[in-house]
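Residue numbers (the numbering used here): 1 to 222.
You can trust all of the hints, since none of them are fake.
FRET-style restraints, in silico, Cβ to Cβ:
id, residue 1, residue 2, range
1, K5, A216, 20 to 26 Å
2, L83, I63, 24 to 30 Å
3, F121, I182, 19 to 25 Å
4, R212, I182, 23 to 29 Å
Derived from the structure by calculation, the hints contain no laboratory data.
For glycine and all other residues, C-beta sits at the position ideal for the given N, C-alpha and C.
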Amino acid sequence: MQLPKGPATNILAAIIVIVFLPLYLTGEMGRAALIAGFISERVTLLSSSEALTFNVPWLPLWITPLTATLLHGGWMHLGFNVLMLIFCGRFVENLLGPGRLVVIYVVGAYAAALGQWLSSFFYAQGEGWVPMIGASGAISAVLGTYAFIYSQRGVKAMGPVPAYIVRMVWLGAAWTILQLLIALAGGFDSFFGGIAVGAHIGGFIAGLLLARPLLARRFRAS
Numbered sequence: 001m002q003l004p005k006g007p008a009t010n011i012l013a014a015i016i017v018i019v020f021l022p023l024y025l026t027g028e029m030g031r032a033a034l035i036a037g038f039i040s041e042r043v044t045l046l047s048s049s050e051a052l053t054f055n056v057p058w059l060p061l062w063i064t065p066l067t068a069t070l071l072h073g074g075w076m077h078l079g080f081n082v083l084m085l086i087f088c089g090r091f092v093e094n095l096l097g098p099g100r101l102v103v104i105y106v107v108g109a110y111a112a113a114l115g116q117w118l119s120s121f122f123y124a125q126g127e128g129w130v131p132m133i134g135a136s137g138a139i140s141a142v143l144g145t146y147a148f149i150y151s152q153r154g155v156k157a158m159g160p161v162p163a164y165i166v167r168m169v170w171l172g173a174a175w176t177i178l179q180l181l182i183a184l185a186g187g188f189d190s191f192f193g194g195i196a197v198g199a200h201i202g203g204f205i206a207g208l209l210l211a212r213p214l215l216a217r218r219f220r221a222s
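Make the full structure from the sequences, and use the hints.
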């Protein structure tokens with residue numbers, strides 16, 4: 001199957017690879033993860049009376065959901081994410097355009113961080129300080145939009161609930177269950193900490209929610 005063209009998708013994938021290579025090859029990925037990764041506990045402390053007294057050169061918290069998408073723990077982590085981005089991203093970009101593809105990626109990154117922060121309430125003590133890195137949350141948003149657009153359209157309305165809402169609920173539930181099963185397969189120690197389950201779920205749901213309004217704007221604009 002020949003993939004459609006996707007310049008914005010290709011640029012995003014290239015940026016991810018370009019950032020990964022020097023950090024990984026010089027052994028600086030761990031330090032970069034601490035500085036630029038998304039750390040759930042930093043969000044929690046914003047709403048508490050505790051002060052951040054750590055002498056760490058963190059990037060501003062608000063940018064870390066995006067910078068975290070540029071960091072990966074290894075070649076497999078990087079390769080899987082880039083392949084998923086190129087495949088789903090090109091199809092989404094072909095239909096919605098490059099600008100909307102970037103919007104999905106960026107919103108997905110922040111939705112993933114929100115999902116990861118919410119899941120941090122289930123962490124073992126101290127796990128909230130583990131940086132979340134990887135583009136999988138943002139790419140989950142692209143996948144969510146892709147799934148909504150290209151899934152089977154045989155879903156019927158349920159009473160007053162429109163068919164597109166039913167499809168969103170089914171897709172969201174299926175993705176959530178899949179992520180929980182993957183996490184369980186890795187053992188309870190990694191149920192919410194080692195695997196970014198919250199990020200994957202948050203990103204995917206954001207992609208589902210964005211799909212219909214972005215489709216409407218795309219074809220209204222044309």
